[in-house]
Amino acid sequence: MGDRLRPKPIENRQTLAKSPTGIRGLDEITGGGLPTGRPTLVAGSAGSGKTMLAIEFLVRGATQYDEPGVFMSFEESAAELTANVRSLGFDLDTLAAQKRIALDHVRIERSEIEEAGDYDLEGLFIRLGHAIDSIGAKRVVLDTVEALFAGLPNHAILRAELRRLFRWLKDRGMTAIITGEKGEGLSVTRYGIEEYVADCVIALDQRIERQISTRRLRVMKYRGTPHGMNEYPFLIGAQGISVLPITSLLLDHRVSADRVATGVARLDEMLGGRGVFRGSSTLVSGSAGTGKSSIAARFVEAACQRGERALLFAYEESAAQIVRNMSSINIKLAPWVKKGLLEIHSTRPTLQGLEQQLLMMHDTVRTFRPTVVAIDPISNLTLADNDVEVKPTLMRLIDFLKTEQITAVFTGLTGGGDAITPPEDSQLGVSSLMDTWLLLRNVDTGGERNRTIFVRKSRGMSHSNQVRELILSDQGIDLVDVYLGDGRVLTGSARVAHEDEERVAAQLRGEDHRRRLQRLASRRKAIEAQIAALQAAADEETDEVEFAIARGSLDQEGTRRNIHELARQRGAGPTPGPERK
Amino acid sequence: MNAANPTAPLQDAEGVPAFQLRLYVAGQTAKSIVALANLQRICETHLAGQYSIEVIDLTKTPQLAAGDQILAVPTLVRRLPEPIKKIIGDLSDEERVLVGLDVRPIGCAS
Chain A
1 MGDRLRPKPI
11 ENRQTLAKSP
21 TGIRGLDEIT
31 GGGLPTGRPT
41 LVAGSAGSGK
51 TMLAIEFLVR
61 GATQYDEPGV
71 FMSFEESAAE
81 LTANVRSLGF
91 DLDTLAAQKR
101 IALDHVRIER
111 SEIEEAGDYD
121 LEGLFIRLGH
131 AIDSIGAKRV
141 VLDTVEALFA
151 GLPNHAILRA
161 ELRRLFRWLK
171 DRGMTAIITG
181 EKGEGLSVTR
191 YGIEEYVADC
201 VIALDQRIER
211 QISTRRLRVM
221 KYRGTPHGMN
231 EYPFLIGAQG
241 ISVLPITSLL
251 LDHRVSADRV
261 ATGVARLDEM
271 LGGRGVFRGS
281 STLVSGSAGT
291 GKSSIAARFV
301 EAACQRGERA
311 LLFAYEESAA
321 QIVRNMSSIN
331 IKLAPWVKKG
341 LLEIHSTRPT
351 LQGLEQQLLM
361 MHDTVRTFRP
371 TVVAIDPISN
381 LTLADNDVEV
391 KPTLMRLIDF
401 LKTEQITAVF
411 TGLTGGGDAI
421 TPPEDSQLGV
431 SSLMDTWLLL
441 RNVDTGGERN
451 RTIFVRKSRG
461 MSHSNQVREL
471 ILSDQGIDLV
481 DVYLGDGRVL
491 TGSARVAHED
501 EERVAAQLRG
511 EDHRRRLQRL
521 ASRRKAIEAQ
531 IAALQAAADE
541 ETDEVEFAIA
551 RGSLDQEGTR
561 RNIHELARQR
571 GAGPTPGPER
581 K
Chain B
1 MNAANPTAPL
11 QDAEGVPAFQ
21 LRLYVAGQTA
31 KSIVALANLQ
41 RICETHLAGQ
51 YSIEVIDLTK
61 TPQLAAGDQI
71 LAVPTLVRRL
81 PEPIKKIIGD
91 LSDEERVLVG
101 LDVRPIGCAS
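Residue numbers (this note's numbering), protein chains in the order written: chain A, 1 to 581; chain B, 1 to 110.
Watch out, some of these pointers could steer you wrong.
Pairs of lysine-lysine, DSSO-like flavour, derived with a Cα cap of 27 Å [unchecked claim]: (1) B:K60 <-> A:K170; (2) A:K221 <-> A:K182; (3) B:K85 <-> A:K99.
Per the computed footprint, the stretches of chain B lying under chain A, defined by three or more beta-carbons under 8 Å from a beta-carbon of chain A, are [stated by the list, open to error]: (4) 30–41; (5) 47–53; (6) 67–75; (7) 95–105.
Calculated Cβ distances over 12 Å to all of chain B for the following chain A residues [stated by the list, open to error]: (8) L16; (9) N84; (10) S87; (11) V106; (12) S134; (13) N154; (14) M220; (15) A288; (16) V323; (17) H463; (18) R516; (19) I531.
Calculated from the structure, these hints are not laboratory results.
From a predicted model like this one, the values you see are computed outputs, not experimental measurements.
Ideal Cβ placement from N, Cα and C applies to all residues, glycine included.
Next up, chain A with everything else stripped away, as it sits in the complex:
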């Protein structure tokens, strides 16, 4: 139901016929390619990659789209050109022999030429026309036509003829690239030929910032069609040009409910019991020595153990060093590398600009097709560039990985690293791009450092809010509950010591209770004994009283009987005493 609300991708609104360039990324930005049957101006400074772009356009056209092309060079000779692009895997000699590409080098030497009267450039038209006809070309490149301005003194004639040439190309239905040297100030080209090529203008640029050069591409103008407006970095790599567009201008990548285990069972438990989502991106940040790389390596190893392909970009250690170091915590990477499930790419990020680096990753990912990618660490990428650039480029990378449904782990080195100043905020720039953020911290107590881990955020799943202690041992990675008590979090030896104390205290308490109970019991006994004694005394007294009473009554009886006896013996009457009573 969301589809109805979602804006249509650029491609679907296409109004002009477009010819795909086959150049990675460029067709996305232009919504399908260059305008068919029209000239496109590619302008840029020296070394910005104009010729490479143009030649790739021709080669891809000839090899992928069955559109032969003519390359008319005003600067390099055919042999130079062929040699230059051979490194990109373009074999111009073969393509020329197959009549899929025609090369013509137009050399113009000012010193050889004398102007004597009126002329036109019909010779150029004838040459171009001949080349087009000889192979049935659909594409044409003129590189760099402005070289003519240096060779021909009469610019008025030249301008008129160039205008006619572009018109002529259009009339012949040639999809053409005309390259031009970047001009001073605001002008696109040095001689202002953009005036004549009005349909599509692409500007290339090579900038050097902090000694690192980055190439950028921008579609300045594309008549009659929407296109990406931004500057996009591009790379001339081993497989030609790659332009790095924001792969999804719309956030519409597929999402997966699938979960991917992180390889650390108790970490999965913290993440709703099942690990992270497939295709999500996870940031593991922390200061030096908190165990980031280990978690990333474990993640990669776990993927290989599941039989998936994994890619590890390492910017701090060489591949061999990683393999050795990780084996110390029972993470065995070497077998997977041998099996071809794991690739480790180690480079120094300062070698290239951030964007070039990301492009290189793009290319590697596209070639290797992994399901899991770990980048260790992204903070080293940011070393080279300022933060303003980092976010958008990382966003592109993350979007790209998401689109490809690749689960990614990024580690991030944070500054500081003590628990007093929260170091995590140094990652705020990129953290918003991440789905899951694991924070590692060193906790410094009792004269030792210990590692803790917690889930700072994890989108779309219930996750633990608990701090765990991260333990790296020769058994691997494990998480244990930290000791929580007295409002403090204790880890490591402190945790162990505190646990001991606790145990002793409990023992003591138990002892105490027993003693109290015993004492109570004996007191009870004593009291009972006392009670018994008192009872005995009471009984005794009772006996005595009863005895006394009994003796008293016996005495009385005895007396009475004596009186009766006396009276009888005297024969007298009863004694008056008792009768008087």
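Following the hints, position chain B against chain A.
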């Protein structure tokens, strides 16, 4: 237009004309006709007997344009004596043509 050299060239010691000239044109345009006429006049005036002219019509043989790096038409190419020189235009500026051909004009020689 006559494609071959209309004037019989005088030959030097080895039997090769000192000035081998080639005129590239694109069809029978006004410029081509003017150019050839101008060329013949200049040669007759200043290089009589020492030149040959070959006219190449690129509309008929377009493949020849690349060999001499022809862009502009008409283009006059001095193939001999070396180095190769090119003069573009309809050759209406006689002085420039002579400079281009490296020929000292007759009349101011003395």
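Each hint, compared with the structure:
no. : hint              : result
1   : B:K60 <-> A:K170  : holds, 24 Å
2   : A:K221 <-> A:K182 : holds, 15 Å
3   : B:K85 <-> A:K99   : violated, 33 Å
4   : 30–41             : holds (count 4)
5   : 47–53             : violated (count 0)
6   : 67–75             : holds (count 7)
7   : 95–105            : holds (count 4)
8   : L16               : holds, 32 Å
9   : N84               : holds, 20 Å
10  : S87               : holds, 27 Å
11  : V106              : violated, 6 Å
12  : S134              : violated, 8 Å
13  : N154              : violated, 9 Å
14  : M220              : holds, 29 Å
15  : A288              : holds, 64 Å
16  : V323              : holds, 57 Å
17  : H463              : holds, 70 Å
18  : R516              : holds, 114 Å
19  : I531              : holds, 135 Å
Violated hints for the displayed structure, listed by number in ascending order: 3, 5, 11, 12, 13.
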